[in-house]
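*Asks:* Spelled out from the first residue to the last, the chains are:
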Amino acid sequence: MPKIKISVLKVFTPEDVFGEKYIAPDGTVAEPCHLKEGQEWISTDLKKPDGFCSWAWDDFRKDLYLLYFGGDIPDTPKGVVYTVCSDAKRPVCFKLERLEE
Amino acid sequence: MPKIKITVVKRFKPEDVFGDEGYTTPNGKKITECTAFKDGQEFIVEKLDKPEGFCGWAWRDIYKDVAVLNFGGNFKNWAKDGTQFTACTDGVRPVCFKLERIDE
Amino acid sequence: MPSEVKITVVKNLSPEDIFGKKFYRPSGKELTKCPYKKGESFITTDGNMPEGFCHHAWFGMYPKITFIRFGGNFDDWAGEGVDYVCCPDGIRPVIFKLERILED
Numbered sequence: 000m001p002k003i004k005i006s007v008l009k010v011f012t013p014e015d016v017f018g019e020k021y022i023a024p025d026g027t028v029a030e031p032c033h034l035k036e037g038q039e040w041i042s043t044d045l046k047k048p049d050g051f052c053s054w055a056w057d058d059f060r061k062d063l064y065l066l067y068f069g070g071d072i073p074d075t076p077k078g079v080v081y082t083v084c085s086d087a088k089r090p091v092c093f094k095l096e097r098l099e100e
Numbered sequence: 000m001p002k003i004k005i006t007v008v009k010r011f012k013p014e015d016v017f018g019d020e021g022y023t024t025p026n027g028k029k030i031t032e033c034t035a036f037k038d039g040q041e042f043i044v045e046k047l048d049k050p051e052g053f054c055g056w057a058w059r060d061i062y063k064d065v066a067v068l069n070f071g072g073n074f075k076n077w078a079k080d081g082t083q084f085t086a087c088t089d090g091v092r093p094v095c096f097k098l099e100r101i102d103e
Numbered sequence: 000m001p002s003e004v005k006i007t008v009v010k011n012l013s014p015e016d017i018f019g020k021k022f023y024r025p026s027g028k029e030l031t032k033c034p035y036k037k038g039e040s041f042i043t044t045d046g047n048m049p050e051g052f053c054h055h056a057w058f059g060m061y062p063k064i065t066f067i068r069f070g071g072n073f074d075d076w077a078g079e080g081v082d083y084v085c086c087p088d089g090i091r092p093v094i095f096k097l098e099r100i101l102e103d
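Residue numbers (numbering that gives the first Met the number 0), protein chains in the order written: chain A, 0 to 100; chain W, 0 to 103; chain B, 0 to 103.
A couple of the hints might just be wrong.
[Unchecked claim] 20 angstroms max Cα-Cα, derived EDC-like pairs, lysine to aspartate or glutamate: (1) K96/B / D75/B; (2) K61/A / D74/A; (3) K29/W / E15/B; (4) K2/W / D44/A; (5) K96/B / D19/W; (6) K28/B / E39/B; (7) K46/W / D19/W; (8) K75/W / D102/W; (9) K61/A / D71/A; (10) K2/W / E45/W; (11) K37/B / E14/W; (12) K88/A / E30/A; (13) K75/W / D44/A; (14) K96/B / E14/W; (15) K37/B / E51/W; (16) K63/W / D74/A; (17) K12/W / D88/B; (18) K63/W / E51/W.
[Claimed, not checked] Per label pair, the in silico range of CB-to-CB distance: (19) G51/B / K20/A: 36 to 44 angstroms; (20) D102/W / K20/A: 50 to 58 angstroms; (21) E103/W / W54/A: 36 to 44 angstroms; (22) D38/W / I22/A: 49 to 57 angstroms.
[Claimed, not checked] Here are some chain W residues the structure puts well away from chain B; computed CB gaps all over 10 angstroms: (23) K4; (24) V16; (25) D19; (26) K29; (27) G39; (28) E45; (29) D48; (30) K49; (31) E51; (32) G52; (33) G55; (34) R59; (35) D80; (36) G90; (37) V91; (38) I101.
Hints were generated in silico from the structure; no laboratory data involved. Here the structure is a predicted model, which is why all the values come from computation and not from measurement. Beta carbons: idealized from backbone N, C-alpha and C, even for Gly.
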């Protein structure tokens, strides 16, 4: 079965979203996600790479699943899905690619 | 876009999961098999929209499989091409579904 | 801090329970029960999947794991910090009990 490559396309900061710093109710200032643009992982057998964020993983697992089983969505290149994690204070955009055997 | 047919294959009773005592909620309500569906009931999915009256929780659970079939994927070596078997995640009274792609 | 969640296997259903007969993959190989044993248990770490746990089952239960970790309760359903979840495998589903682990 195909492996899937996950790459970080874009890391948005809280300032990008709100136009100013985001301060939590307890006074802490929200930092951008620790992921770095260009960072890559390979998922084998639909498994989460070690240490990868569980929250983001759950957000786009449906897309990985679709690629893994040979599905292709319209309007993007074959074998590719662009997706985003749901942390709206600091969303991260990912590119998912099916690596053909 | 293809249509997807959903068929209710089997509804389990709490007794199937927990044994003869079945399941009673903390406030004393005895739970039966799922009442949102009937065995053998069929639904048609068009344009990936939830069929009218289909349970929202179950739809969330099966949506990823419906999407794979909708976009031409197949569950190789698991179920026949164009089909999939999946279950809703209600652990007290699960419901099993068959999904089938209806090619135009 | 969010809590950890204990996951315990409650019931392991077979393809015969669903279809009333054996289930064969397209390759002809028989699909049998999932290897989990009743009573087997696992604990999350920082809300992450326990090592070696089934990825597919984890995906199905993750929304409820998150709900329970952050203090959610289905009071009229399973009681405080508890729920039951079924994995999305429609051929041989496994039912798990989820329990919030309270810190001392």
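*Asks:* Give a verdict on every hint.
*Replies:* Verification of the hints:
{"no.": "1", "hint": "K96/B / D75/B", "result": "holds, 16 angstroms"}
{"no.": "2", "hint": "K61/A / D74/A", "result": "holds, 18 angstroms"}
{"no.": "3", "hint": "K29/W / E15/B", "result": "violated, 26 angstroms"}
{"no.": "4", "hint": "K2/W / D44/A", "result": "violated, 28 angstroms"}
{"no.": "5", "hint": "K96/B / D19/W", "result": "holds, 18 angstroms"}
{"no.": "6", "hint": "K28/B / E39/B", "result": "violated, 27 angstroms"}
{"no.": "7", "hint": "K46/W / D19/W", "result": "violated, 42 angstroms"}
{"no.": "8", "hint": "K75/W / D102/W", "result": "holds, 18 angstroms"}
{"no.": "9", "hint": "K61/A / D71/A", "result": "holds, 12 angstroms"}
{"no.": "10", "hint": "K2/W / E45/W", "result": "holds, 5 angstroms"}
{"no.": "11", "hint": "K37/B / E14/W", "result": "holds, 15 angstroms"}
{"no.": "12", "hint": "K88/A / E30/A", "result": "holds, 9 angstroms"}
{"no.": "13", "hint": "K75/W / D44/A", "result": "holds, 13 angstroms"}
{"no.": "14", "hint": "K96/B / E14/W", "result": "holds, 15 angstroms"}
{"no.": "15", "hint": "K37/B / E51/W", "result": "violated, 37 angstroms"}
{"no.": "16", "hint": "K63/W / D74/A", "result": "holds, 19 angstroms"}
{"no.": "17", "hint": "K12/W / D88/B", "result": "holds, 17 angstroms"}
{"no.": "18", "hint": "K63/W / E51/W", "result": "holds, 18 angstroms"}
{"no.": "19", "hint": "G51/B / K20/A: 36 to 44 angstroms", "result": "holds, 41 angstroms"}
{"no.": "20", "hint": "D102/W / K20/A: 50 to 58 angstroms", "result": "holds, 52 angstroms"}
{"no.": "21", "hint": "E103/W / W54/A: 36 to 44 angstroms", "result": "holds, 38 angstroms"}
{"no.": "22", "hint": "D38/W / I22/A: 49 to 57 angstroms", "result": "holds, 54 angstroms"}
{"no.": "23", "hint": "K4", "result": "holds, 14 angstroms"}
{"no.": "24", "hint": "V16", "result": "violated, 5 angstroms"}
{"no.": "25", "hint": "D19", "result": "holds, 13 angstroms"}
{"no.": "26", "hint": "K29", "result": "holds, 13 angstroms"}
{"no.": "27", "hint": "G39", "result": "holds, 13 angstroms"}
{"no.": "28", "hint": "E45", "result": "holds, 22 angstroms"}
{"no.": "29", "hint": "D48", "result": "holds, 20 angstroms"}
{"no.": "30", "hint": "K49", "result": "holds, 17 angstroms"}
{"no.": "31", "hint": "E51", "result": "holds, 22 angstroms"}
{"no.": "32", "hint": "G52", "result": "holds, 20 angstroms"}
{"no.": "33", "hint": "G55", "result": "holds, 13 angstroms"}
{"no.": "34", "hint": "R59", "result": "violated, 8 angstroms"}
{"no.": "35", "hint": "D80", "result": "violated, 8 angstroms"}
{"no.": "36", "hint": "G90", "result": "violated, 3 angstroms"}
{"no.": "37", "hint": "V91", "result": "violated, 5 angstroms"}
{"no.": "38", "hint": "I101", "result": "holds, 19 angstroms"}
Checked against the numbered hints above, the structure violates hints 3, 4, 6, 7, 15, 24, 34, 35, 36, 37; every other hint is satisfied.
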